[in-house]
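Asker: Here's the letter readout for the chains.
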Amino acid sequence: MENVTKSFAGEGDGRNVVLDNVNLEIESGSFVSLMGPSGCGKSTLLNILAGILEMDSGTLRYDGESVSSDDFFAAYVFQEPRLLNWRTVGENIRFVLRDQDIPEEEYDERITRELKRVGLLDERDAYPLRLSGGMQQRVGLARALAVNPDLILMDEPFSALDELTARKLRRDVITLWQETDTTILFVTHDIVEAIYLADRILLMDESGDIFEEVDIGLSRPRSFEDPQLNDIEADVMDDFYSRVDA
Amino acid sequence: MNWKDVSILEFTFSIIDTIVPNWNDRSMQKSLVSTGSLVSFLLLWYVGSVIVPDAIPAPDVVFAYTFDTITSTGPRGKTGFDHLFISLRRVAVIGAISLTATLAIGITMGLNETVEDVVSMWLPLWMTTPDIIALLFFMILMGFEGISVIVVVSIFATPFGIVNIWEGIQDLDRELIEMGQTFETGTVTMWRHVYLPHLLPYVFASSRYLLGQIWKLVLVGEAIGLNTGMGSIVRLWFTLGEITPIIAYLVLFMVVVLGLEYIVLKPLERHFFKWRPE
Chain A
36 MENVTKSFAG EGDGRNVVLD NVNLEIESGS FVSLMGPSGC GKSTLLNILA GILEMDSGTL
96 RYDGESVSSD DFFAAYVFQE PRLLNWRTVG ENIRFVLRDQ DIPEEEYDER ITRELKRVGL
156 LDERDAYPLR LSGGMQQRVG LARALAVNPD LILMDEPFSA LDELTARKLR RDVITLWQET
216 DTTILFVTHD IVEAIYLADR ILLMDESGDI FEEVDIGLSR PRSFEDPQLN DIEADVMDDF
276 YSRVDA
Chain B
52 MNWKDVSILE FTFSIIDTIV PNWNDRSMQK SLVSTGSLVS FLLLWYVGSV IVPDAIPAPD
112 VVFAYTFDTI TSTGPRGKTG FDHLFISLRR VAVIGAISLT ATLAIGITMG LNETVEDVVS
172 MWLPLWMTTP DIIALLFFMI LMGFEGISVI VVVSIFATPF GIVNIWEGIQ DLDRELIEMG
232 QTFETGTVTM WRHVYLPHLL PYVFASSRYL LGQIWKLVLV GEAIGLNTGM GSIVRLWFTL
292 GEITPIIAYL VLFMVVVLGL EYIVLKPLER HFFKWRPE
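Chains as they are written, first to last, in this note's numbering: chain A, 36 to 281; chain B, 52 to 329.
FYI, nobody ran anything at the bench for these hints, they're computed from the structure. Be aware that a few hints might be false.
[Said to hold, decoys possible] Derived Cβ-Cβ restraints for the label pairs, each shown as a range:
hint : chain 1 : residue 1 : chain 2 : residue 2 : range
1    : A       : Glu140    : B       : Gln232    : 22 to 28 angstroms
2    : A       : Leu156    : B       : Gln232    : 24 to 30 angstroms
3    : B       : Phe324    : A       : Glu141    : 27 to 33 angstroms
4    : A       : Ala269    : B       : Asp224    : 39 to 45 angstroms
5    : B       : Ala147    : A       : Arg202    : 41 to 47 angstroms
6    : A       : Ser194    : B       : Pro181    : 40 to 46 angstroms
7    : A       : Phe107    : B       : Thr179    : 52 to 58 angstroms
8    : B       : Asn163    : A       : Glu139    : 31 to 37 angstroms
9    : B       : Thr179    : A       : Glu139    : 48 to 54 angstroms
10   : B       : Glu235    : A       : Asp261    : 38 to 44 angstroms
11   : A       : Asp266    : B       : Arg321    : 56 to 62 angstroms
12   : A       : Leu156    : B       : Asn163    : 40 to 46 angstroms
Every residue, glycine too, gets a C-beta built ideally from N, C-alpha and C.
One chain only, chain B, in its complex shape:
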């Protein structure tokens, strides 16, 4: 081989080919990209910790701290796992309330013009109310309790899901509805086999969005006014000026979110959308 004829790119590919012979395979490429980005992130983090050691603790220190935080009893007599569980429970309750409300209101908006007019009139206000002000207002009104966070986050996360489901209803395939009519298909069959499967991608998009919103808002609510949950502990370490435990909780938070994505949402998605060509 004449090395002068080989570009740097081709040379790189030939090395990758030698190390990973089937890298052209799509799933292999996906794994390589995921691993590559994770390694790059850790590398950047490590470099950052070397440059500004006072501001950014090294990854290994944070991981050790995270493990320690989860398993041993910390301030307020609870382990990190206990606080995580409390926050997760709040997220689950709010998620259930919010997704139910999202579906009920979004679908009703698609079916009833009066409901559509009323809700769409209030949506801009509903979606742009600053969550922090709502949290403070309800905490003063209802007390500095978990229930205040549940009420506020349920109310203010929901409109983002509603918009999605409403769009899904508007996007219903009229031709499929007409097909159902010509074959004299009943309402229950239409809902089960046409409307709901059509809405499913919108439900997944809403769930993913709601989950992100709810997680973040619950932690903010806990940080502002509660003594339990991950947010409250992060605030405690913040007031003590400790960086390492804050990042340790951030790592824990990321692990949970990624776990939900890859252990729950992705497999469900693969199951429900197996009809889509690769």
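One chain only, chain A, in its complex shape:
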């Protein structure tokens, strides 16, 4: 993203600038976390990449070429699973395959592959409301993986889960990311979560400006109890709160 700006209509004739000249580069196959206070424009940034919102100005580049959001596929994993409760787990994945350039004969194979990957193959014919919150979020993940996206956007996907389930899912996301060699942009409020998951953390302030990038040099697999992780957390906290009001 180069010099991306986005504003919404504000009170009276004014405009409320949400993203102000944002520059952001995500390497293919990397895991990048975006951290910032509520309302700073994180979701707006994801929505521009997903093609839900148009940016006011700026450029998107993919492999060096100037593109629009239609030229690459960004799959979304939302904060809530956003599943079709009236369709089975398998049908929920089939739903996102229907209008892609994917032959219908491949649907079953893809559904089986991704459900196996997230450990829910036995729940293929179950309806979402009969699954736990963690399982529903896994279906959301399988749905995103099934379309073979160029980029997966994850918007605080574990914030509504209990800590034990969230920890297990974080481990699983890392395994899936390593297995599939996919690119992930992960939005979170949680500094520890960001450090545990990402190669690189982007810190965003209230005015929608990415003011710092932190490379996380920790080797994988990582542990929440690792003292190094806690040291990085303290440093990132200092950087973050020196710019953003607590």
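Add chain B to chain A, keeping to what the hints say.
Answerer: Showing chain B alone in chain A's frame:
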């Protein structure tokens, strides 16, 4: 067991437990409640018929009369079943017209602001026009024919369904629409897998409401100005001052409505909403 320690409620439950060991089961409870209310209704009816025998005929007399009415040729050369069939046919035609109009107008209102503004402006008037006046007006205008009843009831039952579908469209889950957009889902797929399944509970609620409205209005229309159909026969017995045949037709009417509910609507509902947890 010390009987002094046992409350009346516990004693009652222990008796029920002995008679129906698995009464705690939800489906068993439902069956018990349904059977209990039906038996209570029949009992009350019977008691009423004993207290005021001139006004309320006994259940067994009515049931025998109902059976006789259905099978044998009555006034106007038709059996009760013939009249029932004529009324049912009118209900089916009006139901089809009304539900189609309900869906078409309700969905269009949700998608087009101009249509929404125009229809919502007229809705209060449309919904509060007295049906009886409309029936009389159209019968004078179009003649005392079945078609008049079909036209009036189709027009005046529909707005109640429209309001329901319109609310359904307004309640669409924006987050699911956004999800569909991010996965570049096409319009046809969205309608088939998101919009229509979302609207289905509203369609069922509308159908049930429309069915009740239409049944009642068709019978009123037949009673006012037609010579065929259940309503016309009930009016005939009314003018002759006969109570038993009127209640016999009421029983027939209730049997048909309950039959539609339990044979058609409930199984369809179970099929379409099997995704809902118990």
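Asker: That 56 to 62 angstroms hint for Asp266/A and Arg321/B (C-beta), does it hold up?
Answerer: The hinted range 56 to 62 angstroms holds for Asp266/A and Arg321/B, with Cβ atoms some 59 angstroms apart.
Asker: Is it true that Thr179/B and Glu139/A lie within 48 to 54 angstroms of each other by Cβ?
Answerer: 52 angstroms, holds
Asker: Do the Cβ positions of Glu235/B and Asp261/A conform to the proposed distance bound of 38 to 44 angstroms?
Answerer: At 40 angstroms between Cβs, range holds.
Asker: Is the gap between the beta carbons of Leu156/A and Asn163/B within 40 to 46 angstroms?
Answerer: With Cβ atoms ~44 angstroms apart, the hint holds.
Asker: When you take the CB atoms of Ser194/A and Pro181/B, is the distance between them in 40 to 46 angstroms?
Answerer: 55 angstroms, violated
Asker: How does the Cβ-Cβ distance of Ala147/B and Arg202/A compare with 41 to 47 angstroms: does it lie in that range?
Answerer: At roughly 56 angstroms between Cβ atoms, Arg202/A and Ala147/B fall outside 41 to 47 angstroms, so the hint is violated.
Asker: Is the hinted range of 22 to 28 angstroms satisfied by the C-beta distance from Glu140/A to Gln232/B?
Answerer: 27 angstroms, holds
Asker: Evaluate the given range 52 to 58 angstroms for the C-beta pair formed by Phe107/A and Thr179/B.
Answerer: Once the Cβ atoms are compared, 56 angstroms apart, the range 52 to 58 angstroms for Thr179/B and Phe107/A holds.
Asker: Between Asn163/B and Glu139/A, is the Cβ distance one that fits in 31 to 37 angstroms?
Answerer: Because 34 angstroms falls inside the window, the suggested range holds.
Asker: 27 to 33 angstroms was suggested as the range; check whether the CB atoms of Phe324/B and Glu141/A agree with it.
Answerer: For Glu141/A against Phe324/B, whose Cβ atoms are near 31 angstroms apart, the range 27 to 33 angstroms holds.
Asker: Just to be sure I understand the hint, the distance between the Cβ atoms of Ala269/A and Asp224/B should be within 39 to 45 angstroms; is that true here?
Answerer: Given range 39 to 45 angstroms: holds, Cβ gap about 41 angstroms.
Asker: Quick check on a hinted range of 24 to 30 angstroms for Leu156/A and Gln232/B, using CB atoms only.
Answerer: 29 angstroms, holds
Hint compliance for this structure: hints 5 and 6 are not met, and every other hint is.
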